[in-house]
Every structure is written in structure tokens, then in C-alpha cells.
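J.: Sequence:
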Amino acid sequence: MKKVLKISYLSSAIIYLIGVNYISYTLEPYSLKEPLIFKILLSLLSVLIMTFVYILLIKPDLIIKKQLNQETIVMLYLSIIVIPLISLYA
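Using this note's numbering, you'd call the opening residue of the sequence shown number 123 and step up by one each time.
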């Protein structure tokens, strides 16, 4: 059950990332500020950070050798909500 909740949360976070990127490219307050290349770079940055967080949540032993404590895991889950907002900056 815990694994099902983790997978559903992570998959809904991917949909959230796609939605925020769609908003940042199409809605007028977010799409007119900076050049397109800067917006693409920020989108790639958010995808790379999100990938790193996913790896830490799914298989932490690939990156670090010790087990993550509970506070770190909670912060990583909360960062999944905040990371896509990088795309709205530019």
C-alpha cells in the first residue's frame, strides 16, 4: 500500500510538472517576460532537479550510501510541489 501511494504521488507530480510548464509557456503573464531560451533552460533545470529528487526517493542507495532520515524524506516530498514553480520564474 505504501508503495502504491508513493508511485501515485510521484506520477501525479509529473502531471503537475507538465501542467506548470504548459502554464508558463502559454498564459500571458508568464509567457512574455524573458526570451524563450531562458525559459527552456529553466524548464530543463526543473526537470533535472526533479529527476534527482525522484532518484533519491525511489533508490537513495544509488546516490548516497546511508539511509535517509524521516525529515529528509518529508522535505523531498514537499520539494516535488515547489520544484516545478522554477519554470514560472521566467
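Some clues are possibly wrong.
To be verified - In silico DSS-like cross-links for lysine-lysine, where the CA-CA straight-line distance does not exceed 27 Å:
1) K128 <-> K181
2) K124 <-> K188
3) K125 <-> K181
4) K125 <-> K187
5) K187 <-> K128
6) K124 <-> K181
7) K188 <-> K125
Claimed, not checked - Between beta-carbon pairs, the in silico distance windows are:
8) I171 <-> K124: 18 to 28 Å
9) L190 <-> E150: 20 to 30 Å
10) S153 <-> E193: 32 to 42 Å
11) I185 <-> E150: 18 to 28 Å
12) I203 <-> K181: 19 to 29 Å
13) I177 <-> K124: 33 to 43 Å
14) F160 <-> S130: 32 to 42 Å
15) T148 <-> K188: 13 to 23 Å
16) V204 <-> L184: 15 to 25 Å
17) V204 <-> L127: 18 to 28 Å
18) L200 <-> Y144: 17 to 27 Å
19) P157 <-> Y199: 16 to 26 Å
20) E193 <-> I136: 20 to 30 Å
Quick caveat, the hints were computed from the structure, so don't treat them as lab data.
Every residue gets a Cβ at the ideal spot worked out from N, C-alpha and C, and that includes glycine.
J.: Work down the list of hints and note, for each, if the structure agrees.
T.: Okay, the hints, checked on the actual structure:
For the hint linking K128 to K181, the alpha-carbon distance of about 12 Å falls within 27 Å, and the restraint holds. Simply put, K124 and K188 have alpha-carbon atoms about 21 Å apart, close enough for the 27 Å limit, and the pair holds. Taking the CA atoms of K125 and K181, the gap is about 13 Å. The hint holds against a cut of 27 Å. Taking the CA atoms of K125 and K187, the gap is near 21 Å; set against the 27 Å cutoff, the hint holds.
Using a Cα cut-off of 27 Å, the hinted pair K187 and K128 holds, with the two alpha carbons roughly 21 Å apart. For the given pair, K124 sits about 15 Å from K181 by alpha-carbon distance, which is consistent with the 27 Å threshold. Restraint check for K188 and K125: the C-alpha separation of about 20 Å stays at or below 27 Å, so the hint holds. Remark: the range hint 18 to 28 Å for I171 to K124 is upheld by a beta-carbon distance near 24 Å.
Between L190 and E150 the CB atoms are about 41 Å apart, so this pair departs from the stated range of 20 to 30 Å. The beta-carbon spacing between S153 and E193, approximately 37 Å, falls within the hinted interval of 32 to 42 Å. A hinted range of 18 to 28 Å for the beta carbons of I185 and E150 is inconsistent with their spacing of about 39 Å. Our hint of 19 to 29 Å for I203 and K181 holds, since their Cβ atoms are close to 21 Å apart.
At roughly 19 Å, the beta carbons of I177 and K124 sit outside the given window of 33 to 43 Å. Take F160 and S130: their Cβ atoms lie about 33 Å apart, and the range 32 to 42 Å holds. At roughly 43 Å, the beta-carbon separation of T148 and K188 lies outside the given 13 to 23 Å, and the hint is violated. Take V204 and L184: their Cβ atoms lie about 23 Å apart, and the range 15 to 25 Å holds.
For V204 and L127, the hinted distance range of 18 to 28 Å is satisfied, since their beta carbons lie about 20 Å from each other. Checked against the given bound of 17 to 27 Å, the beta carbons of L200 and Y144, roughly 22 Å apart, stay inside it. Between P157 and Y199 the beta carbon distance is about 33 Å. The supplied range of 16 to 26 Å is therefore violated. Checked against the given bound of 20 to 30 Å, the beta carbons of E193 and I136, roughly 24 Å apart, stay inside it.
Checked against the numbered hints given earlier, the structure breaks hints 9, 11, 13, 15, 19 and satisfies all the rest.
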